[in-house]
Amino acid sequence: AAGLRPVPVMESADGAARTLPSLGQLSRGRPFGRAHGLFGLSPSSRLLPPAPRSLENTEPQRAAFLLRKQWTLYSVTPLYRFSPARLGDYARLLSAFIAAEKQKGLAVEVGVELDIKVAVSSLPDLKGSDQDPAGILVQLSLRSPASRKNSEEKLVWSGWFCCVFGDDLSKNVTEDFTCLPLFLANGAESYTSIVGSWFQKTFDCCFRRLAISPLSLSWMAAMWTGCKVDKTTSAMELVFSVPCLPYPLDISYAIHPEDAKALWDTIQKTPGEITQEEVNVFMDCLYSHFHRHFKIRLSATKLVKVSTAVASAHCDGIIKFLQSQYLTGVLMLLTELAISQIQ
Amino acid sequence: HLATSLPLPSERDHLRPRIDLIVFMIDIKSKYSLKNVEASLAHVDASFFLGKVCFLVSGVGRMNYCSVEMNAIWKLGEVYGSPVLFCELELEGMRVATAQRLLRMLQICAGHVPGVSALSFGSLMRNSADD
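Going line by line, the protein sequences match chains A and B.
Going by our numbering, the first residue of the first sequence is number 1, and it counts up by one from there.
Going by our numbering, the first residue of the second sequence is number 1, and it counts up by one from there.
Since the hints were made in silico from the structure, they are not lab data.
Mixed in with the good hints, there may be bad ones.
Stated by the list, open to error - As a list, the in silico DSSO-like pairs of lysine-lysine whose alpha-carbon atoms are at most 27 angstroms apart:
1. A:K269 - B:K35
2. B:K35 - A:K295
3. B:K75 - A:K269
Chain A extracted, bound-state conformation:
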């Protein structure tokens, strides 16, 4: 009987604790100012992306598939000898790989005859600067076995690689490598494992779940609050997980988007740039407001999820894009996080 055998290739988001450097290294930090410290110093300021590149202007149907879907994030090391001209070949090879895995008993659904069609295509608009390689989209569809002739194809899994303003990584690698450090997947985890395995084997790269720290989430909260959105119907929501309790407890803090934007507008000084100090002041205001009302110190809890009208992000490395005009901006930040996880 066919069952599910795990394909152990992806590291969990909690991998951090298991890949510690030696005790000696860990206890010595790096002094203030070094660029790539042991603990990955977060930047003291970030530039907001230049005029948003709107995908909707060029390919409306493309942008639609990205929005309002939950994407699981991974960082990917540079791909060796990847050629954007061979996408058709890659689709065939991946298809054969999936069929072979199925033969071995790694059926993703028990007892159902599966015919998976693989499509690999390029997303030329999915980049930041001209130096970035174009995004790559992989889609898995199920062909219904009933009638092969006029078969309906149902999209069951999508995954895409991209690099938005990833110069920090690409400048350090040779020509043989293609830098697409951010990978986003939507669909069953088992398909993600299989596709990931094939890429890892074929291009000698490594996928790791991209976790988002509370510090990075607070940056996102501040950055996205500042974005001008036409219909501000959705409230800004922050979810906190309370530590050190015998039972799990989450606190959800909803803020009216106009209030949040008004607060942020009084804090941000230089248009086009955000500093760590401004993010701190923004979050501190929200925390003290909450403390005044509920006598609970949110700064002692862990920020796990941020939802705004632009996008929502979860610390386990899950993102949902809600506005196509700010897609580039969000991807730029995620690319940066992926690159620092790789390095």
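With chain A fixed as given, assemble chain B onto it according to the hints.
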């Protein structure tokens, strides 16, 4: 002696032994712990900062849970001229090693190690951190 914040309650002043070393603990997972330390520092007499204060940053094994920006911690060490130590309390080996380090520092600060004063040791630690 453990305290959650400073100043220490004045009622027990007369019963308290001399304090040789103050270790400010910052949990990287809690922004509040940094704020608490910053507020408590204001209550420490200036003479302590001649080698009798150090910052201990815990939770560094899980940078994914980081709620505190490292720049702020480094700046604290610089501003107060005191060493910053890192540890991960969830690892037994590191817990023991850190405890041994603190104990050694305490011995020096209490004057039990001949030839090494708290001040000279403090500047030694700062210089080695710049390597």
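Going down the list of hints, with the structure as the test:
no., hint, result
1, A:K269 - B:K35, "24 angstroms, holds"
2, B:K35 - A:K295, "16 angstroms, holds"
3, B:K75 - A:K269, "23 angstroms, holds"
Violated hints: none; the structure is consistent with every hint.
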